[in-house]
Structure formats: structure tokens, C-alpha cells
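S.K.: Listed below are the residues making up each chain.
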Amino acid sequence: MTTKQVNKRLSKKVQSIQPSGIRRFFDLASSMDNIISLGVGEPDFVTPWNVREASISSMERGFTAYSANAGIIELREAISNYMTSRFSVDYDPESEILVTVGASEAIDVGMRAIVDEGDEVIVVEPSFVSYAPLVSMAGGVPVAVGTNIDTDFKVTAAQIEAAITDRTKAMMLCFPNNPTGSTMNQEELKEIAELAERHDLLVFSDEIYAELTYDEEHVAFSSLEGMKERTVIISGFSKAFAMTGWRLGFVCAPKDLLSAMLKIHQYSLMCAPTMAQYGALEALKTGMDDVYRMKQSYKQRRNYFVKSFSEIGLECHTPGGAFYAFPSIEKTGLTSEQFAEKLLLEERVAVVPGHVFGEGGEGHIRCSYATSMENLEQSVERIGRFLKQF
Amino acid sequence: MESKAIDILHIIEENGRVSIPTLAKMVDASEEEVKGLLKKLEDDHIILSYSAVIDWSKVDQNEGVTAMIDVKVTPQRGVGFDQVAERIYRFPEVKALYLMSGAYDLSVVIEGKTMSEIARFVSEKLSTVDSVLSTTTHFQLKKYKHDGVVFGEGEEDRRIVVAP
Numbered sequence: 111m112t113t114k115q116v117n118k119r120l121s122k123k124v125q126s127i128q129p130s131g132i133r134r135f136f137d138l139a140s141s142m143d144n145i146i147s148l149g150v151g152e153p154d155f156v157t158p159w160n161v162r163e164a165s166i167s168s169m170e171r172g173f174t175a176y177s178a179n180a181g182i183i184e185l186r187e188a189i190s191n192y193m194t195s196r197f198s199v200d201y202d203p204e205s206e207i208l209v210t211v212g213a214s215e216a217i218d219v220g221m222r223a224i225v226d227e228g229d230e231v232i233v234v235e236p237s238f239v240s241y242a243p244l245v246s247m248a249g250g251v252p253v254a255v256g257t258n259i260d261t262d263f264k265v266t267a268a269q270i271e272a273a274i275t276d277r278t279k280a281m282m283l284c285f286p287n288n289p290t291g292s293t294m295n296q297e298e299l300k301e302i303a304e305l306a307e308r309h310d311l312l313v314f315s316d317e318i319y320a321e322l323t324y325d326e327e328h329v330a331f332s333s334l335e336g337m338k339e340r341t342v343i344i345s346g347f348s349k350a351f352a353m354t355g356w357r358l359g360f361v362c363a364p365k366d367l368l369s370a371m372l373k374i375h376q377y378s379l380m381c382a383p384t385m386a387q388y389g390a391l392e393a394l395k396t397g398m399d400d401v402y403r404m405k406q407s408y409k410q411r412r413n414y415f416v417k418s419f420s421e422i423g424l425e426c427h428t429p430g431g432a433f434y435a436f437p438s439i440e441k442t443g444l445t446s447e448q449f450a451e452k453l454l455l456e457e458r459v460a461v462v463p464g465h466v467f468g469e470g471g472e473g474h475i476r477c478s479y480a481t482s483m484e485n486l487e488q489s490v491e492r493i494g495r496f497l498k499q500f
Numbered sequence: 009m010e011s012k013a014i015d016i017l018h019i020i021e022e023n024g025r026v027s028i029p030t031l032a033k034m035v036d037a038s039e040e041e042v043k044g045l046l047k048k049l050e051d052d053h054i055i056l057s058y059s060a061v062i063d064w065s066k067v068d069q070n071e072g073v074t075a076m077i078d079v080k081v082t083p084q085r086g087v088g089f090d091q092v093a094e095r096i097y098r099f100p101e102v103k104a105l106y107l108m109s110g111a112y113d114l115s116v117v118i119e120g121k122t123m124s125e126i127a128r129f130v131s132e133k134l135s136t137v138d139s140v141l142s143t144t145t146h147f148q149l150k151k152y153k154h155d156g157v158v159f160g161e162g163e164e165d166r167r168i169v170v171a172p
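Protein chains in written order, with my numbering: chain U, 111 to 500; chain G, 9 to 172.
Hints were generated in silico from the structure; no laboratory data involved.
Cβ coordinates follow ideal geometry from the N, Cα and C atoms, glycine included.
Some hints here could point you the wrong way.
Claimed, not checked - Some but not every residue of chain U turned toward chain G, in silico, with C-beta under 8 Å:
| id | residue |
| --- | --- |
| 1 | Ile145 |
| 2 | Val150 |
| 3 | Phe238 |
Required output: the full structure, derived from the provided sequences and hints.
M.R.: The following block contains the structure:
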């Protein structure tokens with residue numbers, strides 16, 4: 111079959127979307143042996159046993175049927191209590207919380223719920239690889255606002271304001287950020303909140319890394335004054351509770367937005383896996399000690415990693431959250447793609463080139479420190495040796 | 009205790025082989041500061057020793073026998089259980105000794121080369137201590153988890169090499 115014939119079968123929307131830049135590196139790294147991988151965007155812990163056991167038990171007890179579309183009510187109540195106790199923002203479990211198949215589905219249904227053809231959504235970049243494509247697939251136009259290392263990858267209200275047009279519907283934020291690990295404090299977020307109010311914009315706030323902040327407490331965007339009514343909080347269990355393979359996320363949003371998202375969710379997914387929901391319920395009931403233990407370990411590894419980078423001459427801001435460092439490789443004269451490929455082939459260390467995360471990502475590499483200290487020590491040694499040729 | 013010292017304790021409890029330079033970076037301190045903290049923790053008998061957890065069952069000719077012995081004793085006036093405990097824990101065969109609540113008083117962990125060596129220790133040494141009233145010996149058949157470490161093959165990293 112010719113390419114032309116294949117293209118005829120595919121929608122223009124899908125054809126216009128590039129495959130994730132991560133894919134190429136995955137294929138390359140997977141074909142090689144003895145790789146130290148800093149390319150992994152997930153915890154290196156296995157899901158805590160209590161959570162696994164609760165899920166096994168739910169299956170033993172025969173909880174294998176569909177759940178309510180929005181998720182089992184016990185889990186929504188637990189999420190509601192969690193949001194109140196951790197972030198001081200109240201959500202009604204009946205009408206303002208939706209359990210999704212990972213935070214990724216939450217972003218997808220969120221975009222599809224609000225975007226009309228041609229609407230613009232501001233995406234603060236570098237960002238998680240799926241935001242812009244999901245805006246596009248919903249029929250919208252992603253508008254990139256780039257951040258850079260000089261401002262610790264924090265975005266300012268002025269930067270966002272410059273990108274606003276009369277088609278702007280919403281902005282997509284992610285703090286703590288993947289891939290930069292950057293965080294935003296209350297004062298910085300307040301400026302953006304005022305902007306959202308002034309221009310009547312919705313705010314999608316991906317807070318999947320909220321539990322993984324190391325220097326300052328996380329501030330939920332919806333907890334800022336007047337923001338609950340215009341904020342969609344996206345979160346989930348993958349990162350804090352080491353539950354990536356469970357595909358369990360959740361959305362907290364005002365009733366009208368939530369019910370629109372629920373409509374899409376019920377037709378496309380029906381509900382999140384029931385046994386995973388029982389696992390997540392246990393995670394919220396008894397898992398916070400595990401979260402704390404894992405967070406302490408990430409913090410120690412972050413400290414080690416960032417200090418070691420500075421010793422080997424790799425400029426890196428100190429990430430306040432998540433488990434990524436995003437050092438600059440500009441002084442090598444290579445593009446991030448060239449750097450990552452050369453490093454992989456010569457020293458067998460897998461990192462993700464920054465350009466795959468959009469504007470502002472070029473000139474950087476994403477290095478996950480969610481790996482053993484032995485791997486981190488080895489990778490610092492190898493990257494240090496690699497850098498000597500420049 | 010300052011939080012850096014507590015962080016150090018957690019780290020070396022999990023892996024006693026972490027080097028000073030690495031430890032210093034992990035807890036955001038200077039190497040001198042870490043050395044000082046370790047020295048203080050050792051002097052204060054908070055760090056008692058640095059040890060490895062070894063699965064001896066995998067080492068040829070080195071397989072021993074471990075027994076846990078429940079001991080009932082008569083506490084002595086003035087010193088309670090401490091004196092009899094001391095008499096027991098000074099034997100080199102005794103690897104651990106705990107005062108327990110419940111059906112018996114002391115729990116003694118003994119390691120020996122053979123079952124008969126342990127039997128001899130119980131009959132000749134332990135049961136002849138003055139205030140020991142009775143002993144019940146349980147032999148360990150297999151070690152699944154010890155000091156928080158699961159024995160057997162470790163869980164491998166099942167993550168794909170590059171992921172979002």
C-alpha cells in the first residue's frame with residue numbers, strides 16, 4: 111500500500127500530529143545492552159504492598175464489575191477528604207470529582223470538554239509531551255509559552271498575557287513540572303490567577319507531582335482566591351504512590367465542567383478499572399507514610415544529582431519537585447537530540463532530549479533521578495567523562 | 009537531633025557502604041560536617057555497628073542453624089530481668105536477646121553450626137542459668153525476610169528504558 115493510500119484512510123487531525131519524540135529514543139535505547147536509564151518518567155519503587163494487597167483482595171471478594179462512571183463513591187470521598195486536608199480546597203465527591211484512566215485521560219476529556227474548533231489553549235513549555243497533541247486532537251490550537259533556565263523555568267503572568275488572543279480559552283500549567291522539576295509558590299501563582307480572572311480564562315493545572323516537592327509545600331491552584339470556579343485540577347496516583355501501571359487519575363473541577371467531562375468519559379471509557387480503584391482507596395487511607403518515605407529518598411537523590419552535575423560542569427537549576435533534573439547542554443554546541451544520542455552510543459546513558467518537551471526545552475536534557483544511587487553515581491561518572499571532549 | 013543526622017541514619021541503615029562524599033551531597037552538607045555527625049552518632053552509641061545482611065544459605069559450607077528460644081525466668085530482686093539477661097547475652101552463641109511481654113520472658117536468638125550444637129548450648133548453658141525456669145526451642149527452617157530485607161532474588165526493574 112502506498113503512503114498516499116494510507117494517508118487517505120487517516121484523519122487530517124491525526125496526520126498533523128507528530129509521534130512523541132520520546133519514541134525514537136525508546137527504540138534506540140531498547141536495542142542496546144547495559145544501559146543506565148535516566149529516561150524513565152516513573153518512580154523506581156514498586157507500588158507499596160498495602161495497596162497491591164487491597165487490590166488483590168477486591169478481586170478475591172468479586173469486585174470485578176463496572177463501577178459508577180465517575181468512580182466508586184468511597185474513592186471519590188477519599189479524594190475529597192485528601193484535597194481538603196492536604197491542599198485546603200473542598201470538592202463535593204458527588205459532583206466535582208471524576209476518577210479517570212490515568213491523568214492522561216483526564217487531560218484528554220478536559221480538553222475535549224472545553225475546546226471548540228479553533229479555540230486556543232496556552233501551553234506553558236517545556237511540558238509533558240501530550241498536552242499540545244491533546245489540545246490539537248480536541249480541535250484546538252496549542253499556543254506555546256516558553257520558559258527558560260534563567261527564571262528556573264517559572265512562567266510569569268506577563269509571558270502568558272502576551273500570548274492571549276480573543277480565541278484563548280484556557281491555559282495548561284504543570285507544577286511541579288515534568289520535565290524541569292520546577293515549582294511555583296503562592297505569590298507567583300497569584301499573579302497568574304489574577305490574569306485568568308481578568309481575561310476570563312480556564313486553568314488546567316496538572317498537579318500529578320503535588321506530593322513530590324522538596325523545599326516548599328505545594329499550593330493547589332484552585333485553593334487561590336476565586337480560582338476554584340475556573341480551575342480543573344488534574345492529578346492521580348501514578349507518581350506519589352508509585353502506581354503508574356494502574357492507570358488511575360482523577361479530576362477535581364466545578365460541577366458544570368465536571369459533568370461535561372463525565373459525559374465524554376462515560377462514552378469512551380465507561381469507568382476506570384474497579385480493582386485499581388480499590389487499590390487507590392487503600393493508598394489514600396494508609397499510603398501517606400510510603401509517600402513520605404519515597405519523597406525523602408527522591409530528595410536525597412536530587413541533592414546528590416544536582417550537586418554532582420555542578421561538579422562535572424553541567425549547569426542545572428535546583429528542581430523543587432518531581433524527579434527530574436533538566437540541565438543545560440548548550441555549552442557543548444550540540445542540539446539536545448545530538449547530545450542524547452551521542453551520550454547513549456558512547457557512554458550508554460539514556461536521557462531524553464529537551465526539545466521533545468517543546469519551546470524552551472532545546473539545549474537541555476531530562477534526567478530522571480528515580481533510579482538507584484548506584485546508577486546515579488555511575489551515570490554522573492559517565493556523563494562527566496563524556497563532557498570532557500567538549 | 010538535627011534532621012541531617014536523622015537523614016544520615018536512614019540512608020546508612022539501608023546501605024552502610026555509601027561513601028562520605030556521596031552522603032554529603034545527599035543530605036546537602038559538607039564532607040567535614042558528615043564526618044563530624046557520624047563520629048558523634050558513633051560516640052553516642054546511636055550507630056552501634058555497620059553490618060551487612062547476608063544470605064548464608066547461598067554460601068557453600070557455611071550454612072548454619074538458627075534457633076529462637078522462649079525462656080521463662082524468675083526476676084531477681086533489685087535488678088529484675090537485667091542481670092539474668094546479661095548472663096545470657098554474654099555467651100557468643102547468642103545473636104539477639106529481647107525481653108518480651110506475654111507467655112514467656114526472654115526471647116533468645118542462637119546461631120550454631122549444627123542442631124546438636126544448639127541443643128548442647130540449651131541444655132548445658134542456658135537451662136542451667138540459676139533463674140531460668142523453662143526453655144522452648146524453635147528452629148528456623150527458612151529465612152524470607154530479615155532486618156527489612158527480603159531474601160531471594162531482588163525485584164528487578166521492570167520499567168521500559170525511556171518513558172514520558
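S.K.: Next step is simple, just say for each hint if it's right about the structure.
M.R.: These are the hints, each one checked on the structure:
1. Interface hint status for Ile145 of chain U: upheld, as the beta-carbon distance to the closest one in chain G is roughly 6 Å, under 8 Å.
2. Interface restraint check: Val150 of chain U against chain G, minimum CB-CB distance 5 Å, threshold 8 Å, status holds.
3. With a cut of 8 Å, the hint placing Phe238 of chain U at the interface with chain G holds, because the nearest CB-to-CB distance is about 7 Å.
Violation of the numbered hints given earlier is absent; every hint is satisfied by the structure.
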